[in-house]
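In case you want the letters, here they are:
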Amino acid sequence: MDSAITIATGSYIAFLLVMGLLGRRSMPRQTLSEFYLAGRSIGFMVLLLTLFATQYSGNSLSGFPGKTYRAGLSYFMSVTFMVGIIAGFLPFVPRLAAQAREKLFLTPTDYLADRFGHKTLNYLSALIFSITLCNFLLAQLIAMGHAFSGITEGRIPHWAGVLGGALVILVYECLGGMRAVAWTDAFQGMVLLVGLALVVALIIVEIGTPAAIVATVGQIAPEKINNPDLRTCITWLSTFLLLGLGGPLYPQALQRIYAARKLSELRRALGAMAVIPLFAITTVVFIGLTGIALFPGLDNVTSDRVTFKVLAHLVELEPLAQIPVIMVMIAVLAAIMSTADSALLSLSSILTKDVAARFLGLEGARIEKLSRLGPVISAVVLLILGTIAIQPQLTLWRLLEIKFEILIQLSPAFILGTLHERDAPGSFSARDILTGLVIGLAVALGLWAAGIRSLHGLHPGVIGVAANYSAVLLSRRLSVSSVKA
Amino acid sequence: MIDEPRRHWRYMLVVGLVILATAPFPFVGRETVMLLGLPLWLWWSFSFTALLSGLTAYGMLRLWRDDSDEP
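Going line by line, the protein sequences match chains H and R.
All you need for our numbering is the position in the first sequence, starting with 1, plus 38.
Residue 16 in our numbering sits at position 17 of the second sequence; the count goes up by one each step and never skips.
Treat the hints as calculated values from the structure; they're not laboratory data.
Keep in mind that this is a model prediction, so the values were computed, not measured.
Here a beta-carbon is modelled for each residue, glycine too, at the ideal position from N, C-alpha and C.
You may find that some hints are simply not true.
[As the list claims (entries may be wrong)] Chain H residues, not near chain R, derived (Cβ > 12 Å throughout): (1) Ser41; (2) Pro248; (3) Phe346; (4) Gln429; (5) Gly489.
[As the list claims (entries may be wrong)] Computed footprint of chain H on chain R; a stretch qualifies when at least three of its residues, placed anywhere within it, have a C-beta under 8 Å from a C-beta of chain H: (6) 8–18; (7) 22–31; (8) 36–46; (9) 55–61.
Between the sequences and the hints, there should be enough to build the whole structure, so can you do that?
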């Protein structure tokens, strides 16, 4: 089993490097659009799988079963939350996608710059996107170290896993840009879906049906299947809003929307993404429940490794289970790396286009002068975050924990912004959006700084975004009133 | 421009489904009842989540066409 996993891991890394080379060969010319958006040429199947791989990080695979283990059946609500992220695209993505094709947007900030044309809003949004992506990337780098160390049972130490994995990502991403990233995502998505289906089939055959496993859980820990209380329901609703409004704003997700070859293919891919959680997340929750039934009494740290414990148990019961188990183990590693590469590519594009180009005052074709800067920025970002990932600093973690709480504050800029054309009668102005953004950030960060993580079950970010939307609507009303007066 | 009032019922439907999926009100504070081996509240939440999922997929495939389609 050990040597099979080592061979599979080595083969996967070799595959990534080959994809980087193929991506390089398929790039007709070195432009920002070719590098960061694959020349807007991604078709339905690759688009679906890259959206899937980007949305489902290593945390979804190894973290969700651990959380299910601790919370019980109520963690099934993560299925609802994942559906919510796709539902959250509907209010603004149809118009955003059409405009992105017409005006050749590269980054999410490009839309805001085109729609509102306000420097402070541009820089503030670029900062929010960058903080979010740094959080994502740092978390994936740390998880990558743990995954390499866990899969090889310590033969690759954590630090070597972080730095080695980061180097592999850097090489194939610098070679092939978005093409390499999307192709590796597609591979990971397929491995993951097939691996999960096989593992669930094995659990049902070797251990028991979902109903039998829930019955066992009910006997071992009845509180883990009990009806939710009102506060839990409020927290679910708040989490749904947090993810449903914030999740669609992930820059790497928005850039995949820009990168679609056709709108019809994008629509089909997002339509399929709305259904996938019903299978993928239900499966992951089922693995966590199986863990409760098989290994009751695990502590918090050990329960985070419950996926691997269930997989190892399956191999003991059925030696043929090695194949799907190895697939899932590689899929966990691939999920982490694919999320990291997507976040890195997106962060690099924002730092290149939204920060460096705007700071240097480059516009139009002159921006293409920066096309060789992207890989350099990626290398610097990975070097800094890789160093932090080896020895995570608590204060930085605390700062980065709030990513969703601040990302969600950009929601009115996209949802209300896409309702009207710029300068159309009754449209929301940059001042309206900026007022709401500042107030929303102040409320969310103020509550967070005061140590409030939940107010009657509501997240600080959700309270902040309610204040944000209210301020935007009030600001517009005042503007309209003053014009009439 | 999007004809907003015409779409309000769709957003209201989504909001309603979200509330029903995330808040299984009839079961809050009551004893857990099982149906086909699973708690009834889970059937409730799963049903509305599945409806939300189907409606979202329908929205992507059909309603989007109203806003922006390729020539």
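Now the hints, each set against the structure:
Annotated as non-interface, Ser41/H keeps its C-beta farther than 12 Å from every C-beta of chain R; the closest such distance is 40 Å. Look at Pro248/H: its CB is around 7 Å from the nearest CB on chain R, not clear of 12 Å, so calling it non-interface is violated. Non-interface call for Phe346/H relative to chain R: holds, since the shortest CB-CB distance, roughly 26 Å, exceeds 12 Å. The Cβ of Gln429/H sits about 39 Å from the closest Cβ of chain R, beyond the 12 Å cut-off, so the non-interface label holds.
Separation of Gly489/H from chain R is adequate, the least Cβ-Cβ distance of about 26 Å exceeding the 12 Å criterion. Counting residues of the stretch 8–18 of chain R whose CB falls under 8 Å from any CB of chain H gives 4; the rule of at least 3 is met. Counting residues of the stretch 22–31 of chain R whose C-beta sits closer than 8 Å to any C-beta of chain H gives 9, which meets the bar of three, so the coverage hint holds. Requiring three or more residues with a Cβ within less than 8 Å of a Cβ of chain H, the coverage given for the stretch 36–46 of chain R holds, as 7 such residues are present.
By the rule of at least three residues with a Cβ nearer than 8 Å to a Cβ of chain H, the coverage given for the stretch 55–61 of chain R holds, with 6 such residues.
Checked against the numbered hints listed earlier, the structure breaks hint 2 alone; every other hint is satisfied.
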